[in-house]
Amino acid sequence: GEEVAQTPKHLVRGEGQKAKLYCAPIKGHSYVFWYQQVLKNEFKFLISFQNENVFDETGMPKERFSAKCLPNSPCSLEIQATKLEDSAVYFCASSQVAPINSPLHFGNGTRLTVT
Amino acid sequence: AQRVTQPEKLLSVFKGAPVELKCNYSYSGSPELFWYVQYSRQRLQLLLRHISRESIKGFTADLNKGETSFHLKKPFAQEEDSAMYYCALSGTGNQFYFGTGTSLTVIP
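Residue numbers (my numbering), protein chains in the order written: chain A, 348 to 462; chain B, 30 to 137.
There may be inaccurate statements among the hints.
Stated by the list, open to error - Okay, derived cross-link-like pairs now, PhoX-like style, lysine-lysine, Cα gap no bigger than 25 Å in a straight line:
id: 1; chain 1: A; residue 1: Lys-430; chain 2: A; residue 2: Lys-365
id: 2; chain 1: B; residue 1: Lys-51; chain 2: A; residue 2: Lys-391
id: 3; chain 1: A; residue 1: Lys-387; chain 2: B; residue 2: Lys-38
id: 4; chain 1: A; residue 1: Lys-409; chain 2: A; residue 2: Lys-391
id: 5; chain 1: B; residue 1: Lys-94; chain 2: A; residue 2: Lys-387
id: 6; chain 1: A; residue 1: Lys-387; chain 2: B; residue 2: Lys-51
id: 7; chain 1: B; residue 1: Lys-38; chain 2: A; residue 2: Lys-391
Claimed, not checked - Sample of chain B residues lacking proximity to chain A, with all beta carbon distances greater than 12 Å (derived):
id: 8; residue: Ser-55
id: 9; residue: Ser-81
id: 10; residue: Asp-91
id: 11; residue: Gln-124
In short, the hints are calculated from the structure, not lab data. Think of the CB as a built atom: it goes at the ideal place given N, C-alpha and C, for glycine as much as any other residue.
Please take these sequences and the hints and turn them into a complete structure.
Pasting the structure below:
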C-alpha cells in the first residue's frame with residue numbers, strides 16, 4: 348500500500364494481559380521502526396528492522412516486549428504481561444532505504460490503554 | 030543519552046511574526062538532521078531535511094556543527110503552521126532518534 352497501516356487503532360488490556368500490535372509497511376520499504384509515545388511526549392525508539400532482520404533493538408524492554416517482521420506478513424509488536432506504564436501510542440514507520448537517505452513514513456499509531 | 034534536545038515544549042507567536050524552534054543534538058560522527066511535523070489529526074510527516082537544503086512551506090533550517098544545532102526558522106508565521114514539530118537525527122548506523130517536540134501555536 349501507499350501508506351503505513353497500523354492495526355488496531357485502539358487496544359485496551361487489563362494489567363497482565365498480552366497485547367499485540369500490527370504494522371504493514373509501505374510496499375517496497377526495507378526498514379521498519381517502532382516508537383512508543385507516552386502522553387504526547389517524545390517518540391521513544393524501541394526497535395528497527397531491515398527486512399526481517401532486527402537492526403537495532405537497543406530501545407526494547409526485552410523481558411516483556413518482542414517484535415517480528417516476517418516475509419509476506421505484517422510486522423508485529425507484542426507485549427507480554429502488560430503493565431500500566433505500557434499505556435502509550437505505538438507508532439510504526441517505514442523507509443525505502445536507510446533512513447539517513449530516505450524519509451520515514453509513519454502510520455497513525457495504535458493507542459494502547461492498560462487498565 | 031539524549032541525542033536530540035528541543036528545549037521549548039510550547040511556543041506561541043502572533044501571525045506574521047518570525048518563529049524559531051530550537052534543536053540541539055549530541056552525536057559523535059556525522060548525523061543527518063530532519064524536522065518532522067504533525068498537524069492536528071494527521072500523521073507525523075517529514076517537513077525538511079538538512080541534506081536537501083530546501084525551504085518547505087517557508088521554513089528553513091541550518092545545520093551549525095560548531096553549536097550542534099539545527100534550529101527551524103520561518104520569517105512570517107501563518108495560522109496553518111500551528112502544529113507539533115519534532116527534530117530528528119539519523120546516525121551512520123541507521124538509528125533514528127526524535128526530540129521531545131515543540132508545540133507551536135500561531136495566534137491570529
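* Asked: Does the no-contact call for B:Ser-55 survive, Cβ to all of chain A over 12 Å?
  -> Correct as stated: the minimum Cβ-Cβ distance to chain A is 15 Å, above 12 Å.
* Given as non-interface: B:Asp-91, partner chain A, CB spacing beyond 12 Å -> holds (19 Å)
* To do: Assess, step by step, whether the Cα of A:Lys-409 is no farther than 25 Å from the Cα of A:Lys-391, and give holds or violated.
  => holds (15 Å)
* To do: Starting from A:Lys-387, check that the Cα of B:Lys-51 is at most 25 Å away, please.
  => Satisfied, since the Cα-Cα distance of roughly 19 Å is no more than 25 Å.
* Non-interface claim for B:Gln-124: all C-beta distances to chain A beyond 12 Å? -> violated (6 Å)
* Asked: Is B:Lys-51 close enough to A:Lys-391, meaning Cα to Cα at most 25 Å?
  -> holds (19 Å)
* If you draw a straight line from the CA of B:Lys-94 to the CA of A:Lys-387, is it 25 Å or shorter? -> violated (29 Å)
* Does the alpha-carbon distance linking B:Lys-38 and A:Lys-391 stay inside the 25 Å limit? -> holds (16 Å)
* To do: Quickly compare the C-alpha distance for A:Lys-430 and A:Lys-365 to 25 Å and report which way the hint goes.
  => Holds, because 10 Å separates the two Cα atoms, which is no more than 25 Å.
* Any Cβ of chain A at or closer than 12 Å to B:Ser-81, or is the non-interface label fine? -> violated (10 Å)
* Under the criterion that the straight-line Cα-Cα distance not exceed 25 Å, is the pair A:Lys-387, B:Lys-38 satisfied? -> It holds: about 11 Å lies between the C-alpha atoms, which stays within 25 Å.
Consistency note: the structure conflicts with the earlier hints numbered 5, 9, 11.
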